[in-house]
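Engineer: The chain contents come next:
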Amino acid sequence: MSFWLLLVIKVGVIVGVVVMPLVLGIIFGELKISAHMQSRIGPYFAGGRFGWAQPLADGLKFMQKEDLVPDAADSAVYRLAPYVVLMGTIATFVIIPFGPDLIARDLDLGVFYLLAVSSLGTLGVLMAGWSSGNKYSLIGGLRAAAQLIAYELPMVLAVVAVAIQAGTLSLNGIVEAQATTELFGLNIHLPYVIIGQGLGFAIFTTAVLAELSRIPFDMPIAESELTMGYLTEYSGIRFTMFFLGEYAGMIAFAAIGATLYLGGWWIPGFSADDNLMNFIGPLVLIGKVLLLAFLFIWFRWTWPRLREDQLQTLAWKWLIPLSLFNIVVTAFFKVVF
Amino acid sequence: MTVIDPTVAMHLSEAAVSVELETADMTINIGPQHPSTHGVLRLVARVDGERVHDVNPVIGYMHRGYEKLAEVRTYAQITALVNRIDWVSGFANEVAFISAVEKLMGLEVPDRAKYIRLILTELTRISSHLVFMSSYPLELGATTPLMHALREREHVMDLIEGVTGGRFHPNFNRVGGVKPALGQGASTKKMSQDLPAGFLQATSDAMDQVAGVCDDLDELVTGNEFFQARTVGVGFIPREKALEYGLSGPNLRASGVNFDLRKKGEMVLPYDDFDFDVPIGSNGDCFDRYVVRLQEIRQAMKIVRQAVEKIPAGPLQAKVPRIIKVPSGQAYVRTENPKGEMGYYIVSEGGRIPYRVKIRSASFSNLSILPWILEGALVPDMVAIMGSLDFVLGDVDR
Numbered sequence: 001m002s003f004w005l006l007l008v009i010k011v012g013v014i015v016g017v018v019v020m021p022l023v024l025g026i027i028f029g030e031l032k033i034s035a036h037m038q039s040r041i042g043p044y045f046a047g048g049r050f051g052w053a054q055p056l057a058d059g060l061k062f063m064q065k066e067d068l069v070p071d072a073a074d075s076a077v078y079r080l081a082p083y084v085v086l087m088g089t090i091a092t093f094v095i096i097p098f099g100p101d102l103i104a105r106d107l108d109l110g111v112f113y114l115l116a117v118s119s120l121g122t123l124g125v126l127m128a129g130w131s132s133g134n135k136y137s138l139i140g141g142l143r144a145a146a147q148l149i150a151y152e153l154p155m156v157l158a159v160v161a162v163a164i165q166a167g168t169l170s171l172n173g174i175v176e177a178q179a180t181t182e183l184f185g186l187n188i189h190l191p192y193v194i195i196g197q198g199l200g201f202a203i204f205t206t207a208v209l210a211e212l213s214r215i216p217f218d219m220p221i222a223e224s225e226l227t228m229g230y231l232t233e234y235s236g237i238r239f240t241m242f243f244l245g246e247y248a249g250m251i252a253f254a255a256i257g258a259t260l261y262l263g264g265w266w267i268p269g270f271s272a273d274d275n276l277m278n279f280i281g282p283l284v285l286i287g288k289v290l291l292l293a294f295l296f297i298w299f300r301w302t303w304p305r306l307r308e309d310q311l312q313t314l315a316w317k318w319l320i321p322l323s324l325f326n327i328v329v330t331a332f333f334k335v336v337f
Numbered sequence: 001m002t003v004i005d006p007t008v009a010m011h012l013s014e015a016a017v018s019v020e021l022e023t024a025d026m027t028i029n030i031g032p033q034h035p036s037t038h039g040v041l042r043l044v045a046r047v048d049g050e051r052v053h054d055v056n057p058v059i060g061y062m063h064r065g066y067e068k069l070a071e072v073r074t075y076a077q078i079t080a081l082v083n084r085i086d087w088v089s090g091f092a093n094e095v096a097f098i099s100a101v102e103k104l105m106g107l108e109v110p111d112r113a114k115y116i117r118l119i120l121t122e123l124t125r126i127s128s129h130l131v132f133m134s135s136y137p138l139e140l141g142a143t144t145p146l147m148h149a150l151r152e153r154e155h156v157m158d159l160i161e162g163v164t165g166g167r168f169h170p171n172f173n174r175v176g177g178v179k180p181a182l183g184q185g186a187s188t189k190k191m192s193q194d195l196p197a198g199f200l201q202a203t204s205d206a207m208d209q210v211a212g213v214c215d216d217l218d219e220l221v222t223g224n225e226f227f228q229a230r231t232v233g234v235g236f237i238p239r240e241k242a243l244e245y246g247l248s249g250p251n252l253r254a255s256g257v258n259f260d261l262r263k264k265g266e267m268v269l270p271y272d273d274f275d276f277d278v279p280i281g282s283n284g285d286c287f288d289r290y291v292v293r294l295q296e297i298r299q300a301m302k303i304v305r306q307a308v309e310k311i312p313a314g315p316l317q318a319k320v321p322r323i324i325k326v327p328s329g330q331a332y333v334r335t336e337n338p339k340g341e342m343g344y345y346i347v348s349e350g351g352r353i354p355y356r357v358k359i360r361s362a363s364f365s366n367l368s369i370l371p372w373i374l375e376g377a378l379v380p381d382m383v384a385i386m387g388s389l390d391f392v393l394g395d396v397d398r
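Line by line, the protein sequences give chains C and X.
Quick note: the first sequence, position 192, residue 192 per my numbering, numbers continuous.
Quick note: the second sequence, position 311, residue 311 per my numbering, numbers continuous.
FYI, nobody ran anything at the bench for these hints, they're computed from the structure.
Mixed in with the good hints, there may be bad ones.
Per label pair, the in silico range of CB-to-CB distance [stated by the list, open to error]:
hint, chain 1, residue 1, chain 2, residue 2, range
1, C, V77, X, D158, 52 to 62 Å
2, X, S204, C, W298, 49 to 59 Å
3, C, Y44, X, P196, 52 to 62 Å
4, C, I149, X, G212, 41 to 51 Å
5, X, V58, C, S235, 47 to 57 Å
Some chain X residues well away from chain C (every beta-carbon gap over 10 Å; in silico) [to be verified]:
hint, residue
6, I28
7, P137
8, E139
9, A142
10, K263
11, I311
12, E349
Each residue gets a CB set at the ideal place from its N, CA and C atoms; glycine is no exception.
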């Protein structure tokens, strides 16, 4: 079997078996968690018990809607944009390790590849905003572009510190490094969020929130200002694509964050070479993903959104200097100890 | 061969050396259907990127011609109209109108009726401000305060419904007093049975609930860094400008002007009997306007708690003829509505219908400052500022 076919099958299995059920689960979880936070019941009709089928019902409803392309829209770009968003997200699952051997393709330049493809989604957002032929969409798309430039930098710099500490760019290598790093010569192995990269994790999480356009950084959508931002003109299945892309992106970034900072498929107390990790590894990773996803949902239903210029101030004046500082400190410890 | 006009050529060469990037303004049309225009306000905004150059509010989409309608309605029928001017504070609208009619007729309203009016007006103020408390954070992107504030508002609405039978549009005032309870004719001795049984306890419970949500809002919204980042120093209205544009109510007081008709002794209702403060802002920004309203809820609760204790017994209505005929003359009565100053100028030529009713509504004046205050603002601030002025389009267009 050819390399590419095998890769596509592997990614297809990951997306079909892990990501899409998780997306539906997180959408349902968000409906229920937000309901709980707001003293509501949330969905309870669809599916009979607890309204578990609500995300499916929503998806079916969207599929029945007319796929509308505005007259003023640039039709080809407008139609292509949702797929670009979804593709950029799915491409990140190529290198996310679910276990020591459960990985579609363990690239030596994994982190580099990851940062490259995860920015593709914003290109799709910009395409959507630009091609819709709507002024709200245009402003939303441009805000998304500005946000990408501002937040890609602190994210990359935060990840650089992880790469320095682990001494590798391979994601599996980073997980193994976390499983084997010794704390002051003691036989204690802990994930990077506890050893050394606490600040880096905070910077990374903030940047991820901005990348995902989640509150408090959801200015590209900002429904009270721009009706729905770059999504204003989208309907039906194309809107669903964006929606899935948003939640799949949330899972992708949560998985990356879990891998880089929380130890990925590894949990303290186990050896990374243990064959057992191939079985419980995926569950451990999914658990950590759900934890981070809950964090994102919690933020969204608690906070108001910031302003575009405040977001830029935060990125350029605080996060980038902090992440540079983080790199210096990490490099110092790497060299000295 | 085309000949290049030398002036154009010079212009072109100048443009070539100019390092300034030339940008074109974009006109965006916000509304009449838009998530944050509180109804059907339309704003024609000229923006350069995120910067708003000028804004032209277009009103009238909600115009229902109430001033004209009032000229062909009897006085009793007009109370049903004025309910709907500012639909989140229906009862407070009625009081000013009916008081103007009573002033024309020279009627003295019984104390108990005045107290009931006052209690309901303050309850209306609480419910109106709770709507603001819910919608304003929503405009800034926080969805949860909406649910909390509206849930507690329901307790206040239950109280209003228990007394008047209506939630939004009570239509409870009658010329000379308030509507007698079912089966009780005017000026009988049973009149002290008008408020529903257990009203005192129900009010006290509801006030506790509202006090709870005010504390919740303090934690969830007031102290939130993101909320403060969006509102502190945004939409600054200096004292002079506030007076110039005729702002009233919490918007005026947030700019540091101590003006509340309830404290001026001008109100037709007995506010002098109660101990309460008028919250005054100092900065005149969006945050102050929010805080002043939050404090006003607390003060209104204080008034309601005192009023239900002190309410005197007695008749609900003054002696009025079956058919209300108003002597010719004119009267103007203004009251402190939740949104600001509400006034009715009634001209009567005698008879059952007024000759002319002029409505002075708070939101219209409050909205008039928009072009001035939005000039040079950012698009996200535009929403924050509009929301903080808390206007209702029914109150603007009438």
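Engineer: For every hint, state whether the structure bears it out.
Structural biologist: A quick look at each hint next to the structure:
1. A hinted range of 52 to 62 Å holds for the C-beta pair V77 (chain C) and D158 (chain X), which are about 53 Å apart.
2. For the hinted restraint 49 to 59 Å between S204 (chain X) and W298 (chain C), the CB-CB distance of approximately 35 Å leaves it violated.
3. At roughly 34 Å, the beta carbons of Y44 (chain C) and P196 (chain X) sit outside the given window of 52 to 62 Å.
4. Look at I149 (chain C) against G212 (chain X): about 45 Å separates their beta carbons, and that is inside 41 to 51 Å.
5. Range check, V58 (chain X) to S235 (chain C): Cβ separation about 28 Å, and the 47 to 57 Å hint is violated.
6. Interface exclusion of I28 (chain X) from chain C breaks down, the closest Cβ pair being 5 Å apart, not more than 10 Å.
7. Not every CB of chain C lies more than 10 Å from the CB of P137 (chain X), the least distance being 6 Å, so the non-interface label is violated.
8. Listed as outside the interface, E139 (chain X) is inconsistent with that label: its C-beta sits roughly 5 Å from the nearest C-beta of chain C, within the 10 Å cut-off.
9. For A142 (chain X), the shortest C-beta to C-beta distance to chain C comes to about 4 Å, within the 10 Å cut-off, and the non-interface label is violated.
10. A cut-off of 10 Å between C-beta atoms confirms that K263 (chain X) is not in contact with chain C; the least separation is 33 Å.
11. No Cβ of chain C approaches the Cβ of I311 (chain X) within 10 Å, the least distance being about 33 Å, so the stated non-interface status holds.
12. Interface exclusion of E349 (chain X) from chain C stands, the closest Cβ pair being 48 Å apart, more than 10 Å.
Hints 2, 3, 5, 6, 7, 8 and 9 from the list above are not met by this structure, while the remaining hints are.
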